[in-house]
Amino acid sequence: MRIAVIGCGAVGSLFAANLGTLDDLEIWAYDPWQEHVDAINANGLRLSGAGEVVGRVRATSDPAELPPTDLGIVATKSMHTSGALAATAHAFADGAVCSVQNGAGNEELIAEHVRQVIRGTTFPAGHVIEPGHVGWDTKGDTHIGPFEPSPAPMEKVEALADACTRAGMPTHALADARGAQWRKLIFNAASNAIAALTGRTHGQVAEPPTRELAWAVMAEGKAVADAQGITLDMSPEELFDHAARKDVAYGHKPSMLQDVEAHRATEIDFLNGAIVAFGGRHGVETPLNRALTELIEGMEEAWR
Amino acid sequence: MAIERVCVVGSGVIGSLYAGHLARSLEVSVLTRREEQARALADEGLRISGKSDFTVRVDATANAADLPDFDLGILATKATQLEEAVAPLGGRFDGATMMTIQNGLGAEELVRSHGGWSLLSAVTFMSGVRHGDTHVEYELDTETWLGPFAGTATYEQAQEVEALLVGAGLHARTFPDLRPAQWSKLIFNATVNTVAALTDLPHVSAFAAQAHETDLGNLVHDLMDEGKAVAAAAGVELHEDPWEMNVHAVRRGETLAAEGHYAHVPSMLEDVRAGRATEIDFITGALVREAAKHDVPVPLHEAMYRLVRARESA
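In order, the protein sequence lines correspond to chains A and B.
First residue of the first sequence: 577, per the working numbering; consecutive thereafter.
First residue of the second sequence: 150, per the working numbering; consecutive thereafter.
Don't read these hints as lab results, they were simulated from the structure.
All figures in this text were calculated on a predicted structure; none of them were measured in a lab.
By construction, the Cβ of each residue, glycine as well, lies at the ideal position given by its N, Cα and C atoms.
Some hints could be false.
[As the list claims (entries may be wrong)] Covered stretches of chain B, going by a simulated chain A footprint (3 or more residues, C-beta under 8 angstroms): (1) 294-305; (2) 361-373; (3) 456-462.
Construct the complete structure from the given sequences, taking the supplied hints into account.
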């Protein structure tokens, strides 16, 4: 079986390197960063930290080089989904493509280019150390399931889950993965936007004076999930408090805060902006998520 | 009351603009917070550039006990520093009229708790840029609006101060009741200052942009609607629509930018950039307290309050 990882940054590398340890799989990675591609092809893709791994991966920065592929894993930043899929869709004419990106709305974009789509949400995190070498910061589970409007057959979802799990990335194939995705989306939307606007860590966001705001922002997200008939697999509030513990991730700077500090474009459209957009489609008012979206977009405007 | 001696309390941008202009024709003393600034002002005088251009001698001290008598006190500190500045004036300067110029609500009540002076309420739309302890650039030469506070001063006293400011080369207008104007500015400030402080944007055209669903102007508009609902519940008929004020200020800002000036940086953004405490409690805090008093929901202003508070402590 051939699997291609589209977007081989931190999270993409966790999948590619681990999958690259299995003998029965051929793993490809597409990423525009040439030094990273060259290092992977020369020495393999290395992970260190939560696990020490070197995976055999064929990397390319030229999408035309990708052969016909059974399964795809999309791990680009959300704002690059459309561009990356437009370039690589030819490889998935008969394949199924799974998003493991942040937020909601990526599967819709993938489905504009590929017929068989898998919805996914992943917990593991990492950071790029140098070309060809990624730090594995956090282990965790991945949940995947057919993307309802343009679904991949369940056998392919299960095949991908099986491959990832055997490779050391525990992955659950679900008939409905929306509950896991929206739990993480609701949690992330509150933590990321408030942290980015205030410059505070996840644990600090969970304290006054922003605790009440975070809870109100999550309540809006839950109402939007409810209106879609989604049953969350866990309470986002409990997850929020769990992550805020000193021994878990109190001092963690959510990725949007890191983006804002580096004056990089944020994933706001796929987090709070997605809650606003899905709310609009289902008649649910989301004034706080809308306000946070407008403030973050204003922030991006400030350094443009 | 003939006003011959003026004391300006606070020597930031606004205090300096009053002190400098008035000192050209009157005896003006300035109460500074820092000894160093008082010495510099006494040594070098006060330079005003920009819309006006002159240097003038002023008396300055950081010690309230050294202040000479005065007829009019202009209280031009930040709202956060008013208490500390006014307390040492308590029990002195009988017969003086005090004019509060602070952002937000509640300054008059605070001053009143320290002395039985006649009080004038004022708001100002002037702005400037500080270029050091003794030099302020006069940026926007817009009006100061004033009126008697709650029967403690008369309309005529307010008019007299208007004449004094106009005579000094500033712009001023007297109102029988300042509350409608004060509330217009309160709603404007609670919105523009907090949005600027959180986004790091000066007051630019994005504040009036509403073309797309999540354009910043939509948030500005929604915040102002919440504020207007509070004013209505408090029985205040606004002097000006704060949204119109916003659109107007942004357009004027664009004209200035086209002439090569920088966009106006609201004071709360300056405070956040400098890592100083902001006036959030006196502006958004005042609005949220009034909203609670009148049972008006203001979820967006509450969110802004919490975000700015958190940002201050980051």
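Hints versus structure:
no.: 1; hint: 294-305; result: violated (count 0)
no.: 2; hint: 361-373; result: holds (count 7)
no.: 3; hint: 456-462; result: holds (count 5)
Violation of the numbered hints given earlier is confined to hint 1; every other hint is satisfied by the structure.
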